[in-house]
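Spelled out, the chains give:
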Amino acid sequence: MSYFQEGITWLNDPLNWTNPGGLLDRLTEHLVISFWAVLLGCAVGWPIGIWLGHRGRGGATAVTVANLTLAIPTLALLTILPLTPLGFGKPPVVVALAVFAVPPLLANAVTGLRAIDPETREAARGMGLSGGQLLRQVELPLAVPYLAAGLRTAAVQVVATAALAALVNGGGLGQIISAGFGIGMSNGGGGQIVAGGLAVALLALLVEGLLALFQRLVTPPALRVRKRRRAAVTVGTP
Amino acid sequence: MSLLLWGPALLWGPASLTPVAAPADGGPGNPWFSWRYVHENADAIGTALRFHAGLTAQTVLLALVVAVPLAVVAYWIKPLTGPILALSGVLYTIPSLALLSLLAPLVGTTSTTSVLIALVMYALLVLVRNSLAGLTQVPPEVIDAATGMGYSRFGRLLRVELPLALPGILTGLRLATVSTVALVTVGSLIGQGGLGDLILGGFRNNFYKAEILTGTILCVGLALVLDLLLAGLGRALTPWARGRAA
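Going line by line, the protein sequences match chains A and B. Per numbering that gives the first Met the number 0, the very first residue in the first sequence carries number 0; after that it's consecutive. Per numbering that gives the first Met the number 0, the very first residue in the second sequence carries number 0; after that it's consecutive.
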């Protein structure tokens, strides 16, 4: 029997879903970790990106610096952070994943605010809007599609890399895979490895699909034609 | 200091509060960096670094050999462009750990080939996208002029379109290289992760910080060195772009 079939068989066993540490437990863990990581990433990336985009200076430098994080292996942060005062458990995993969520969020926020037609901005100034009013009433609404694009890229990347937390015992769906390797190929672990792989892959694709839909919903029809200039950073480490 | 001893205990639950045995050197500390560790394990570190660099080079070269012709096909046969880009986007969404765990049982759970296939796939996607972007950015007037000068389809491709697409291809090459260096570490899932094996090994070896950080520093350093080399190569290959870029 091929490993793929073994994986399907494993997925068809309801106990594998409902057991403690089974698929449902791990899925919840995975989603909770991802949620906090994305939230933390937004809390850091958006204010900085929006401020830099509003100011109009320093944006390119920030984006370059943020892109440098591409060179840091996720595994390195996942192993280093538990040894810092963050301690073991969920917090270091959340922080490690948030670090990789910041670049797309920040870069897209900067791009979104910079991509606004300067004439629009000048018209708003001419109508007597202050800096804060300009930001709230003109710039932010126009940047929403870009912010959504950044959120989508960041969330998909976090959900994908959260699987790696299993290598350092951090929980999440990756734990199914590493447990499969623990069982060993000769003892039927192959099916579990494949099943875990399928679960992680499907979850990532599902999140990507849902957020693509969300991004479409929050983009006003008039702005949709320009979606080609959408994302500033599309490449992360899968 | 206390944190260091209590950290591992917290992981295994509050029941076992006894400090875990001290790390390898038996000294009072578990330093973030130790020359002694580097000195005593120079062989293992060197092997891991060579493996890491070798796997990265293989991946990028293989991906380049496949990606450029694929991009040319997508460029020539316009109806294929959309599907190829969409498919590469979907494939890039698949997490590396998932791909590796789907490949490893089939190809071999301890073989480098499983890691190589997964890495080539991701690098391929970045390269195809960027090469295609480079090719589609060639101005139509230039293509018209080349055709008017009597270039055949292949001649035009080799002498006009590919050279003009070179900046796009090189950007893709740099992105692919840097992300491949970072991605190789995921191979430590099956013990084929190069410097990733050091990082994970240090974590499993009683949270030996020096080993983890040595692996990390070398990994980031390798990525930056390769990126700079490729940037230099790009400058050498596209002398006409220098004035404009500045």
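Quick caveat, the hints were computed from the structure, so don't treat them as lab data. There's no promise every hint is true.
Claimed, not checked - DEER-style ranges, computed between Cβ atoms:
#1 B:110 <-> A:213: 37 to 43 Å
#2 A:201 <-> B:34: 44 to 50 Å
#3 B:238 <-> A:187: 39 to 45 Å
As the list claims (entries may be wrong) - Only part of the chain A face toward chain B is listed, based on derived beta-carbon distances under 10 Å:
#4 76
#5 82
#6 127
#7 128
#8 177
We treat Cβ as the ideally placed atom computed from N, Cα and C, and that holds for glycine.
So, going through the hints one by one against the coordinates:
Look at residue 110 (chain B) against residue 213 (chain A): about 40 Å separates their beta carbons, and that is inside 37 to 43 Å. Taking the beta carbon of each, residue 201 (chain A) and residue 34 (chain B) are about 47 Å apart, inside 44 to 50 Å as hinted. Distance hint for residue 238 (chain B) and residue 187 (chain A): a CB-CB separation of about 60 Å, inconsistent with the stated range 39 to 45 Å. Given hint, residue 76 (chain A) at the interface with chain B, holds; its Cβ is 8 Å from that chain's nearest Cβ, closer than 10 Å.
With a cut of 10 Å, the hint placing residue 82 (chain A) at the interface with chain B holds, because the nearest CB-to-CB distance is about 6 Å. A least Cβ separation of about 40 Å between residue 127 (chain A) and chain B goes past the 10 Å threshold, and the interface hint is therefore violated. Here the hint on residue 128 (chain A) is broken, as its CB sits about 37 Å from the closest CB of chain B, past 10 Å. Hint status for residue 177 (chain A): holds, given a least beta-carbon distance of 7 Å to chain B, under 10 Å.
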